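**Student:** With these hints in hand, go ahead and build the complete structure from the sequences.
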Amino acid sequence: MSAPQLEVLMSGVTAGHVTRPAAPGGPWVFTYDDTYASEPSAVPMSLSMPLQQRRFADARVRGWMAGLLPGHSRVLKHWAAKHAAASIEPFDLLATKIGLECAGAVQFCDPETTADELGSGGVDWLTSAQTEEMVTEMVGHAMLWGRQLRRSAFSLAGAFAKTALYRDDSSPRRWGEPHGSHPST
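The sequence shown begins at 9 in the numbering used here and counts up by one.
A hint or two may mislead.
[What the hints assert, rightly or not] Label-pair distances were calculated between CB atoms; the ranges are:
no. : residue 1 : residue 2 : range
1   : K85       : S46       : 37 to 43 Å
2   : A92       : Q60       : 34 to 40 Å
3   : G130      : Q60       : 35 to 41 Å
4   : A92       : D66       : 21 to 27 Å
5   : A89       : G33       : 21 to 27 Å
6   : E120      : L173      : 28 to 34 Å
7   : Q138      : Q60       : 46 to 52 Å
8   : R182      : R82       : 31 to 37 Å
9   : S19       : A94       : 25 to 31 Å
10  : G148      : L55       : 33 to 39 Å
11  : R181      : V51       : 31 to 37 Å
12  : V147      : E120      : 37 to 43 Å
Treat the hints as calculated values from the structure; they're not laboratory data.
In this text, all values refer to a predicted model and were calculated from it rather than measured experimentally.
Glycine included, each C-beta is placed from N, C-alpha and C at the ideal position.
**Tutor:** Following this line, the structure appears as structure tokens:
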């Protein structure tokens, strides 16, 4: 059985991959892609994982991946159930749709994911009533990140509910829910 692997992209470019051993308890390993790490404009995935060192194991990798997710176990359990993750481990959660929309322009995906799947995105525009309902729901279900996202599954660290929105620059009162590769504001 081969070790599960996730490709890691930065701004849509392959930056490296994370491998988790097939047997439980082994080290998770992140390896920078040589082409990415050699680019003058390359950005490290974390300050604890500088580009000069191409490979990192376990504690740094687990810490970095966990830092991209909410900090409350109830939220993680809710997300694992909602997105059919194998567990609340960061690797399993980021292997789902959640991994496609992480903070800092980082994406996690199966190496077989196509460019079309990664590149698709857009905005679902919200009415004022929908925006108000969303805020009310977040306040009422803060620990579960209760908002019912239609297509988005973004991940932001922390213990309290957050959302990702996109503001139309031509109309300051027009807000929408970004999905896929479309950025939030």
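**Student:** Using the beta carbons of A89 and G33, state whether their distance is inside 21 to 27 Å or not.
**Tutor:** Because 24 Å falls inside the window, the suggested range holds.
**Student:** Do the beta carbons of R181 and V51 sit within 31 to 37 Å of each other?
**Tutor:** 34 Å, holds
**Student:** Between R182 and R82, does the C-beta distance stay in 31 to 37 Å?
**Tutor:** 33 Å, holds
**Student:** Falls inside 33 to 39 Å, the C-beta gap from G148 to L55?
**Tutor:** About 36 Å separates the Cβ atoms of G148 and L55, which means 33 to 39 Å holds.
**Student:** Given the range 35 to 41 Å, decide if the beta-carbon distance of G130 to Q60 lies inside it.
**Tutor:** 38 Å, holds
**Student:** Please test the hint of 46 to 52 Å on the beta carbon pair from Q138 and Q60.
**Tutor:** For Q138 and Q60 the Cβ distance comes to about 47 Å; the hint holds.
**Student:** Holds or violated: the 21 to 27 Å window for the beta-carbon distance between A92 and D66?
**Tutor:** 26 Å, holds
**Student:** That 28 to 34 Å hint for E120 and L173 (C-beta), does it hold up?
**Tutor:** The hint (28 to 34 Å, Cβ to Cβ) holds, given that E120 and L173 are roughly 31 Å apart.
**Student:** Does the Cβ-Cβ separation between V147 and E120 fall within 37 to 43 Å?
**Tutor:** 40 Å, holds
**Student:** Has the hinted range 37 to 43 Å been met by the Cβ atoms of K85 and S46?
**Tutor:** 40 Å, holds
**Student:** Does the Cβ pair A92, Q60 satisfy 34 to 40 Å?
**Tutor:** 38 Å, holds
**Student:** Using the Cβ atoms, figure out if S19 sits within 25 to 31 Å of A94.
**Tutor:** At roughly 28 Å between Cβ atoms, A94 and S19 fall inside 25 to 31 Å, so the hint holds.
The structure meets every hint from the earlier list without exception.
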